Amino acid sequence: MEATNIKTRKLRTMYGGFHPNSSNMRLYAKRKEGAQGLVLLSRQVCVSSALCRKNLAAAGPEKFTLEYIQKQVEEYEIGKRHLANMMGEDPENFTQEDIDKSIAYLFPSGLFEKRARPLMKHPDEIFPKQRAVQWGADGRPFHFLFYTGKQSYYSLMHDLYGKILKIEKHQDRLRAKGLFSQDAQLISLGPSRWLTKEELELLLVETISTHDYDRFIKLMERMLVMPYSSTEEEFVQRYRRQLEAQSMKQMVPPLEKDENGVAFSTAEGRRKTSDSSVILRDCGSGHITINGQDYLQYFPVLQDREQLMFPLQFMGVLGRFNLECTVSGGGRSSQAGALRLAISRALLSFLSEGDGEAMRQAGLLTPDPRVRERKKPGQEGARRKFTWKKR
Amino acid sequence: MAVRALTRGLLGFRYSRAATVASPCGGHHYVTAPSVKPPQPQADDVTEKILNQPLEKPDFFRVAELFSLKDLFDARVHLGHKKGCRHRLMEPYLYGCRLDHDIIDLDQTMEHLQLALNFTAHIAYRGGIILFVSRRRQFGHLVETTAMDCGEYAHTRYWQGGLLTNANIQYGPGVRLPDLIIFLSTLNNVFQQHVGIRDAAKMNIPTVGVVDSNCNPSLVTYPVPGNDDTPAAVELYCRLFKMTINRAKDRRKQMELLHGLSAPTS
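Protein chains in written order, with the numbering used here: chain B, 2 to 392; chain Y, 3 to 268.
If you're looking for bench data, these hints aren't it; they were derived computationally from the structure.
A quick note: this is a predicted structure, and the numbers were derived from the prediction, not measured.
From the three backbone atoms N, C-alpha and C, an ideal C-beta is built for every residue, glycine too.
Part of the chain B face toward chain Y, derived, beta carbon under 10 Å:
no., residue
1, R132
2, D139
3, F145
4, T149
5, K151
6, Y155
7, H159
8, L166
So these bits of chain B aren't anywhere near chain Y, every CB distance computed over 10 Å:
no., residue
9, L12
10, E90
11, R116
12, K130
13, R194
14, M224
15, R271
16, R282
17, D295
18, M310
19, G331
20, G364
21, L365
One chain only, chain B, in its complex shape (with noise of 0.2 Å):
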């Protein structure tokens, strides 16, 4: 408790505060308690919470030295090793998993926000990344574009340009040879997308404005778009992020064989909260079995029924093949559904493409996305509202 006061440093003196072994109970206790009565050590004139309040939205993140964090990172290796030998393990073998396994375990949380949960992790994944300082023991900053203020998105877009100078300088040597041809080697980019906003401000370690995301995003768009570009599709590659191909494709369930030489397949299908899975044989006979049950006993109501048959009935195949059925969860109508879902997919791996093509156009590939909607507080239903008294 280091006082700046004159007064209060003047008092402290004189009833002993200075003292290694003195307590400031001592002063604020009451004299029949043994202490040297209520002292008031610390006499502000002027308190107001105004002064007193700092402008945190000013400060901007919070910055820890490099130091700060060094020692984080050490703790963190301490604390890594103690763990091991709580958990009986090897220290000198253990990962992440392992840490993230022991914290699990020791301190069972049941929040249901996972990042609010306990967490030990190197310090470099928890702290953001920041920069360290630009300029040397002589002052003289390290980056040649540091008094911009934005030194990496500058130096990208000042590299950019020069590749653009370079590739137009190729394309100006082979005209004078005579060599140049207008629709030759463009950047082949294949599934890709640009890096985002985020993603480019964490390569950079800076922030960038939108307006300056769109003209770095341009000038890589002018780039791709002149001819000879390719010798730059490695530069090019680095700011690209792959994407999944998504292909439009349905996925035909494979046709096996099974033992007596009957070809079947086997497909899913869901609808609402119903599972279905489904098992078409191509024996000739049209005997349906759901849940070992038979289908006329299962299904008595003929709409379910016809849901059934519907994608047979449409591909003209109704007496052609078997059906082993499994369903279970939902009502009656939306395991009809989720049946019917099923039989139209296996029954892909039989038809041509053509056909398939029709079941889709006829809605038979497409899931039902439709689910129950929940009920809003204020509210008697999901959209019902109470009734309305005007008075």
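Once you have looked at the hints, place chain Y on chain B.
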């Protein structure tokens, strides 16, 4: 004429101007890093000798040999803008006007360019930070490449308001500001004077600027009247500045080796 006498007087003042360059401890600003350590006592007199030796001769770095009047003419440095764009304060630097086009006086340009290059060389010799500024999009890449080749700094982008005047908050405490700012074009993209000229004057940073016939030369410490629009002229300026800075830095290394200092001081 009176103009010629004035310029000749300026030439005579070149010695004293060079003398004012010799501020102690490498010309750091009051806002700069307190982390710079003072040179060791035993090397102190050697460093002082190294720093004072260039000040004895008027053209120690022989910058006058780097260019001639014919080079300036071939690079179209004498071509100014039309009569209607003329700035009143540029009238002393103009040779005349032919078919409404202003012609800049290349004799004066020679003298001013010599002064400017000499000053740049001295700053580079003493390890000062030089910032190249130009807001012309045509030459931005060229200027940045020139700065990179010299080992100095460039700013050819949008000038944020507090770059010089609010540096401690924008960059962090203890940042060192440039010791010289070279403007390869003093106008910005809307034909107004670049904010950097006014800010440099506020922060006591000397400036070298290529002033065309539509520019205001008043706040620039070492104005160089000349064309700032033609690519040939701008390439000439970049080449000259690059050569002077490299020459000065090499000379400094030579001096240090000559006087037997092991590590170069700033």
